[in-house]
Amino acid sequence: MRTRATAAAVLLAVGLLAGCAREHGTATDTPAGYSEMQQKVAAAESALAQADKDAAQDDSDH
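Sequential numbering from 1 applies to the sequence shown in the UniProt record's numbering.
It is worth saying that the hints were derived from the structure and are not from the lab. Each statement offered as a hint is correct.
Between beta-carbon pairs, the in silico distance windows are:
(1) Gln57 <-> Leu12: 11 to 21 Å
(2) Gly15 <-> Ala56: 21 to 31 Å
(3) Ala7 <-> Pro31: 27 to 37 Å
(4) Gln57 <-> Tyr34: 32 to 42 Å
(5) Asp61 <-> Leu12: 17 to 27 Å
(6) Ala43 <-> Ala7: 12 to 22 Å
(7) Pro31 <-> Asp52: 29 to 39 Å
Note that the coordinates shown come from a computational prediction; the quantities given were computed from them, not determined experimentally. Every residue gets a Cβ at the ideal spot worked out from N, C-alpha and C, and that includes glycine.
Construct all of the structure, not just a fragment, from the sequences and the given hints.
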């Protein structure tokens, strides 16, 4: 169960990063969008941490 949660969180992070790249181009093309990209990466990392926490709780419940 933990592996699925982690995989889902990683896919979410990759999706967010891909969305940022498609929306703003590369970092060298649009340095003005860098702070927004950082916020999205932080949100993805937070989602990953929460998924790990949930998975660990699920593992302890069984």
